[in-house]
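Number of protein chains: 2
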Amino acid sequence: MRIIVDGFGGDNAPGEILLGCARAMDELGIDISVAGDKDKLLSSARELGIEDKFSKMEVLHCTDVLTMEDEPESVLKAKSGSSMAVGMQALRDGKGDAFASAGNSGALAMGATMIVKRVKGVKRIAFAPVLPTTKTPFMISDGGANVVCRPEMLVQFGIMGSVYMEKVMGVKSPRVGLVNVGTEEHKGDDLRREAFALLKECGGINFIGNIEPRDIPYGVCDVAVADGFTGNMVLKLYEGTALAMMGMVKDIFKKSVKNKLAAAMIYGDLQGLKKTMDYNSYGGAPLIGAAKPVFKMHGNAKAYAVQSALRLVRDCTQSGYVEAITAKLAEKD
Amino acid sequence: MRIIVDGFGGDNAPGEILLGCARAMDELGIDISVAGDKDKLLSSARELGIEDKFSKMEVLHCTDVLTMEDEPESVLKAKSGSSMAVGMQALRDGKGDAFASAGNSGALAMGATMIVKRVKGVKRIAFAPVLPTTKTPFMISDGGANVVCRPEMLVQFGIMGSVYMEKVMGVKSPRVGLVNVGTEEHKGDDLRREAFALLKECGGINFIGNIEPRDIPYGVCDVAVADGFTGNMVLKLYEGTALAMMGMVKDIFKKSVKNKLAAAMIYGDLQGLKKTMDYNSYGGAPLIGAAKPVFKMHGNAKAYAVQSALRLVRDCTQSGYVEAITAKLAEKD
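In order, the protein sequences belong to chains A and B.
Counting in my numbering, the first sequence tops out at residue 574, every number present.
Counting in my numbering, the second sequence tops out at residue 574, every number present.
Don't take every hint at face value.
Copies of one chain are not kept apart here, so a pair can be met inside one copy or by any two copies together.
Claimed, not checked - DSBU-like, lysine-lysine: derived pairs with alpha carbons at most 35 angstroms apart:
no., residue 1, residue 2
1, K361, K533
2, K428, K543
3, K496, K408
4, K499, K573
5, K496, K413
6, K477, K491
7, K294, K441
8, K491, K297
9, K569, K294
10, K364, K428
11, K318, K441
12, K336, K279
13, K294, K281
14, K318, K294
These aren't lab readings, by the way, just hints derived from the structure by calculation.
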């Protein structure tokens, strides 16, 4: 399997990206193509002492870079020669099996839609991160690609998310819930009420009705369906609150010698908790609905997170989730 | 000061409500009127052994009860004889200085609007809980009273929230932020972009621009402005995630004898953290924009939370926040 990686996406490019790729080649037995300026990549590889690994990567040479400030549309025109755009063009042309970038999310969704294209029948591509809970992990679909949505888009987010959780995460009959202000059927705005009615009728998925955000951390569902605005709120507040709480616990443990001793006694268990709630160990998230596997890595991903993300990309791509989504939507047609 | 309390609102009414009222009379030196069935209240007071305290409360006798299943509108018609409606009618008629209920939020907002009425110029009453963060507490305005909003409503939520945080919480020049998917000005949907423009121009408040949910737990703002759908998401996910994390830490401490020992060593500090993040110690939340002080208590409030809520109601009412909101909106007129 060959994974194409955007060498110049994210806060820590290209160094940490290259390092993560090098480690992933070793661990996962995958081939890597990296899009970006050949000279800059080489000198970065030299600095890191991974020249030998780098020599085994294919370089898709291009000198332009798409930044966080660029408009999403720029990936198609002004920045069509950027590492992100070139990577997706290569994926489209069959020069690799999947694409991953830690760059501008909006541009990535735009490129996935217009360069890689969508699975037949897909209205909108969704950004679909899988996050930990106290019990089982869950997916947010859509986690932020589509700020404004129609009800039928939410239904597709639910269907695609369900297929992904079954294929990739091995969940039998994933519980699909609609994120809402209350559990009763009539709750929420028009978008929620119409989406509820459509999800209830749609068949082929295990729709469990409305779910309230307070139950999400306890694993109330496998797929949390939301418009991209709401999904992005859930994603960012969930991550932020978990991190803040971990930080407060950490502060307690550093407060005194006695507390440090207590911390040492339960160090292993605390690390376990940290790992459970650490989204970096999940590494990345798919853009479901794209005709080929496209993944977003965390913007501040370092080598470890890049390596985790590439493991996810490999496992997902092998699972055949794109084909499964294609088949499921063809059924619905 | 006389606070009117809905004796039959919430999961633990009337027992825990009465108990909380009795304790609050002792602690706070306030008078209490309680709305509800006189006989049932008396027999509950007897069971709890607080007959003497109960004899000092004024009872607004009524036999009907508004339930969680009732439509909000019922507070005006079918259930206009319920304890919630009777309590608000008494407030309107000057038979008390503030009203508090742990009952149906939608009905409470409806009653505040139609029975107690709004401050002149207020478009919508907002449910405005104040929550803890790792640094300073913040208010969500609106936390769920208005699922669908226009941009100018969000502006008023910001103004009213700002006045409240200054008057009640003593915050100088409260930082008012718009909850959004990114910090840049152009982010979000039409509602967010239009509200941003209006907030920026409005003057008289310290508008700090868009805020991202991931920064909320770190005290990025004093007032988080949102439509009621988004605000309710933030409220419920924030509470749920904090509780889930506390639960996971607790589980670690119960895992083994060694861990229990470690927990004992830092017991005091852990209790401090729990208290910091415990919304029950905040007790209740105002419905800002109502012409007189109306408060929502947590639906599952027990005596301790009722007592905390009544402390908040007293402090708020004394602060003159309603008059301050009235003056501020008159300026804007």
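Right, here's what the structure says about each hint:
no.	hint	in the structure
1	K361 <-> K533	within (12 angstroms within a copy, 57 angstroms between copies)
2	K428 <-> K543	between (41 angstroms within a copy, 26 angstroms between copies)
3	K496 <-> K408	between (46 angstroms within a copy, 34 angstroms between copies)
4	K499 <-> K573	neither (62 angstroms within a copy, 56 angstroms between copies)
5	K496 <-> K413	between (45 angstroms within a copy, 30 angstroms between copies)
6	K477 <-> K491	both (21 angstroms within a copy, 24 angstroms between copies)
7	K294 <-> K441	neither (51 angstroms within a copy, 52 angstroms between copies)
8	K491 <-> K297	neither (42 angstroms within a copy, 48 angstroms between copies)
9	K569 <-> K294	neither (40 angstroms within a copy, 66 angstroms between copies)
10	K364 <-> K428	both (25 angstroms within a copy, 22 angstroms between copies)
11	K318 <-> K441	between (41 angstroms within a copy, 33 angstroms between copies)
12	K336 <-> K279	within (18 angstroms within a copy, 79 angstroms between copies)
13	K294 <-> K281	within (15 angstroms within a copy, 79 angstroms between copies)
14	K318 <-> K294	within (33 angstroms within a copy, 76 angstroms between copies)
The structure fails to meet hints 4, 7, 8, 9 from the earlier list, while all remaining hints are met.
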